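So the sequence shown is numbered by our numbering: it starts at 1 and just counts up by one.
Incorrect hints may appear among the rest.
Claimed, not checked - Cut-off 16 Å, straight-line C-alpha distance, at most; resulting in silico cross-link-like pairs (EDC-like, lysine to aspartate or glutamate): (1) Lys-182 <-> Asp-162; (2) Lys-124 <-> Glu-142; (3) Lys-234 <-> Asp-13; (4) Lys-124 <-> Asp-136; (5) Lys-43 <-> Asp-189; (6) Lys-55 <-> Asp-179.
As the list claims (entries may be wrong) - Here are the computed distance ranges between Cβ atoms for each label pair: (7) Arg-218 <-> Gly-134: 22 to 30 Å; (8) Glu-172 <-> Asp-13: 18 to 26 Å; (9) Glu-54 <-> Lys-6: 38 to 46 Å.
No lab work stands behind these hints: they were computed from the structure. Keep in mind it's a predicted model, so treat the numbers as computed, not measured. Ideal placement from N, C-alpha and C gives every residue a C-beta, glycine not left out.
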Amino acid sequence: MNLYEKHIEKELDRWHSEIVKSAGLFERASKGIQNKTRKLMPKRVQDTITSAVEKTVRAVLSGSVLLSVKEDTSDLKLSERDFLVRELFGSYMKTAVTEGAAFGAGGVLLGLADLPVLMGIKLKFLFDCAKLYGFDTEEQSERLYILYVFQLAFSSREHRLDVFRVLQDWEESAHPPVDWEKFQIEYRDYLDVAKLLQLLPVVGSIAGGTANFKLMNRLRDNAMNAYRMRITGKKWPQRAP
Numbered sequence: 001m002n003l004y005e006k007h008i009e010k011e012l013d014r015w016h017s018e019i020v021k022s023a024g025l026f027e028r029a030s031k032g033i034q035n036k037t038r039k040l041m042p043k044r045v046q047d048t049i050t051s052a053v054e055k056t057v058r059a060v061l062s063g064s065v066l067l068s069v070k071e072d073t074s075d076l077k078l079s080e081r082d083f084l085v086r087e088l089f090g091s092y093m094k095t096a097v098t099e100g101a102a103f104g105a106g107g108v109l110l111g112l113a114d115l116p117v118l119m120g121i122k123l124k125f126l127f128d129c130a131k132l133y134g135f136d137t138e139e140q141s142e143r144l145y146i147l148y149v150f151q152l153a154f155s156s157r158e159h160r161l162d163v164f165r166v167l168q169d170w171e172e173s174a175h176p177p178v179d180w181e182k183f184q185i186e187y188r189d190y191l192d193v194a195k196l197l198q199l200l201p202v203v204g205s206i207a208g209g210t211a212n213f214k215l216m217n218r219l220r221d222n223a224m225n226a227y228r229m230r231i232t233g234k235k236w237p238q239r240a241p
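Given the sequences, and given the hints that come with them, work out the whole structure.
Right, here's the structure in full:
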């Protein structure tokens, strides 16, 4: 095992530990605050998220997402794939933060508009990510994998564990279809207080940019490690429930 492979091994173990660990005191307290805040979420916001998620699922399953990556990536080493993903991610991050700040500065209406725009940015990154890691997004199973990676990044801790088990056994087991209603509920409930603050005047610009920065980094971490896990065949023993 070379130095880079050892680095990836440590990264995957760190990522896995984050997924399976129990919620800490701070996280439980934060979750309580977020739950109370979401009860105040306007129906318009909930409807916008539901619509955006439904369109996202349909776009993925129909394969109607255009790739930015055009070159052949079949002969790349994992270290080269990681480098290209990080490089491409920089442009996606810049776009997401700029969009979040701009839409957040416009108050409720523009703040709502950012929700489907950000989902589109996340989705396009995942398609490009799959391409850079050597997978064919023309295949239905690869599009389904993308939806599971999305859920892994933006779901409750309990649901993330279920999603992780599906991804870890992807090559050996059947691929259950995505429940888009569960998908949208998990995504809506994951949106934190900072993202909801984007809908408010004055503070919306700062909150929007900050929230998008946080959400995009979370997506990159989970996407890169999900594909690394798949490429390396890394497995962890399942814990007893």
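| In ascending order, which of the hints set out earlier in this document are inconsistent with the structure? | none
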